[in-house]
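Whole structure, please, built from the sequences with the hints as guidance.
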Amino acid sequence: DTAVSQTPKYLVTQMGNDKSIKCEQNLGHDTMYWYKQDSKKFLKIMFSYNNKELIINETVPNRFSPKSPDKAHLNLHINSLELGDSAVYFCASSQAHRAGEQYFGPGTRLTVT
Amino acid sequence: KNQVEQSPQSLIILEGKNCTLQCNYTVSPFSNLRWYKQDTGRGPVSLTIMTFSENTKSNGRYTATLDADTKQSSLHITASQLSDSASYICVVGSILTGGGNKLTFGTGTQLKVEL
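So the protein sequences, as listed, match chains V and R.
In terms of the working numbering, the first sequence is numbered consecutively and its last residue is 115.
In terms of the working numbering, the second sequence is numbered consecutively and its last residue is 142.
Think of the hints as simulated: they come from the structure by calculation, not from any bench.
Mimicking EDC-like on lysine to aspartate or glutamate, the simulated pairs with C-alpha atoms at most 20 Å apart in a straight line are:
{"no.": "1", "chain 1": "V", "residue 1": "K11", "chain 2": "R", "residue 2": "D66"}
{"no.": "2", "chain 1": "R", "residue 1": "K84", "chain 2": "V", "residue 2": "E103"}
{"no.": "3", "chain 1": "V", "residue 1": "K38", "chain 2": "R", "residue 2": "E32"}
{"no.": "4", "chain 1": "V", "residue 1": "K43", "chain 2": "R", "residue 2": "D111"}
{"no.": "5", "chain 1": "R", "residue 1": "K129", "chain 2": "V", "residue 2": "D32"}
{"no.": "6", "chain 1": "V", "residue 1": "K42", "chain 2": "R", "residue 2": "D66"}
{"no.": "7", "chain 1": "V", "residue 1": "K46", "chain 2": "R", "residue 2": "E32"}
{"no.": "8", "chain 1": "V", "residue 1": "K46", "chain 2": "R", "residue 2": "D66"}
{"no.": "9", "chain 1": "R", "residue 1": "K129", "chain 2": "V", "residue 2": "E55"}
{"no.": "10", "chain 1": "V", "residue 1": "K43", "chain 2": "R", "residue 2": "E32"}
{"no.": "11", "chain 1": "V", "residue 1": "K42", "chain 2": "R", "residue 2": "E32"}
{"no.": "12", "chain 1": "V", "residue 1": "K38", "chain 2": "R", "residue 2": "D66"}
{"no.": "13", "chain 1": "R", "residue 1": "K44", "chain 2": "R", "residue 2": "D111"}
{"no.": "14", "chain 1": "R", "residue 1": "K129", "chain 2": "V", "residue 2": "E103"}
{"no.": "15", "chain 1": "V", "residue 1": "K43", "chain 2": "R", "residue 2": "D66"}
Now the stretches of chain R that chain V is said to cover, found in silico as 3 or more residues with beta-carbon under 8 Å:
{"no.": "16", "segment": "69–82"}
{"no.": "17", "segment": "131–142"}
Computed Cβ-Cβ distance ranges for the label pairs, DEER-style:
{"no.": "18", "chain 1": "V", "residue 1": "N19", "chain 2": "R", "residue 2": "G43", "range": "47 to 53 Å"}
{"no.": "19", "chain 1": "V", "residue 1": "L56", "chain 2": "R", "residue 2": "R88", "range": "38 to 44 Å"}
{"no.": "20", "chain 1": "R", "residue 1": "Q36", "chain 2": "V", "residue 2": "E55", "range": "33 to 39 Å"}
{"no.": "21", "chain 1": "R", "residue 1": "E141", "chain 2": "V", "residue 2": "T61", "range": "38 to 44 Å"}
{"no.": "22", "chain 1": "R", "residue 1": "R88", "chain 2": "V", "residue 2": "D20", "range": "43 to 49 Å"}
{"no.": "23", "chain 1": "R", "residue 1": "R69", "chain 2": "V", "residue 2": "P63", "range": "22 to 28 Å"}
{"no.": "24", "chain 1": "R", "residue 1": "T83", "chain 2": "V", "residue 2": "V14", "range": "41 to 47 Å"}
{"no.": "25", "chain 1": "R", "residue 1": "H103", "chain 2": "V", "residue 2": "S22", "range": "38 to 44 Å"}
{"no.": "26", "chain 1": "R", "residue 1": "Q30", "chain 2": "V", "residue 2": "Y12", "range": "28 to 34 Å"}
Every residue gets a Cβ at the ideal spot worked out from N, C-alpha and C, and that includes glycine.
Given below as structure tokens:
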């Protein structure tokens with residue numbers, strides 16, 4: 003009965019590859035987010051989706067693209083991976099009017115070699 | 028520029044002792060302030076959330092305070108336990124023009140509770 007789940011938990015890949023991280027929430031929330039946590043443990047928001055519309059798009063490289071097939075899923079696609087993309091990526095969800103109450107997934111540790 | 032600063036960066040205390048973590052913010056317009064606990068290798072979990080009109084909120088041994096005038100918040104942990112060892116992140120929400128919310132995350136305080 004996991005609320006927010008992510009797959010895979012660990013991802014090791016080489017530079018230049020294209021990879022995807024999946025996220026699913028069963029809370030009935032209408033907004034989902036992707037965060038990147040760097041080595042200094044700082045959480046930086048990357049994207050936010052509400053009713054399939056991108057409502058926050060921070061200045062991340064266009065190699066990163068979120069795709070939401072439905073309200074319960076927000077996948078993160080990364081093209082041409084670079085060493086600096088190595089980090090832990092967290093998915094989260096909330097009701098739009100209660101964005102402060104976000105529920106986070108367990109994270110995906112991406113290592114680019 | 029919206030910023031959230033936390034102090035100390037790291038803290039080591041003995042089990043059973045109390046501690047207080049600080050959060051200063053310059054986020055505007057202010058909507059809410061939330062404290063998260065993040066265990067190593069896991070996603071953040073919400074502890075408390077406060078709006079502008081609230082100045083204190085408790086969750087078990089965790090008590091958060093908010094002074095909206097000075098833009099400061101604190102998280103007080105009472106009778107610490109080994110399981111309190113984690114990173115504590117202060118998050119401030121602001122209202123975007125045209126609706127919606129934006130969250131600004133602090134860098135966190137790494138707490139270690141020892142025997």
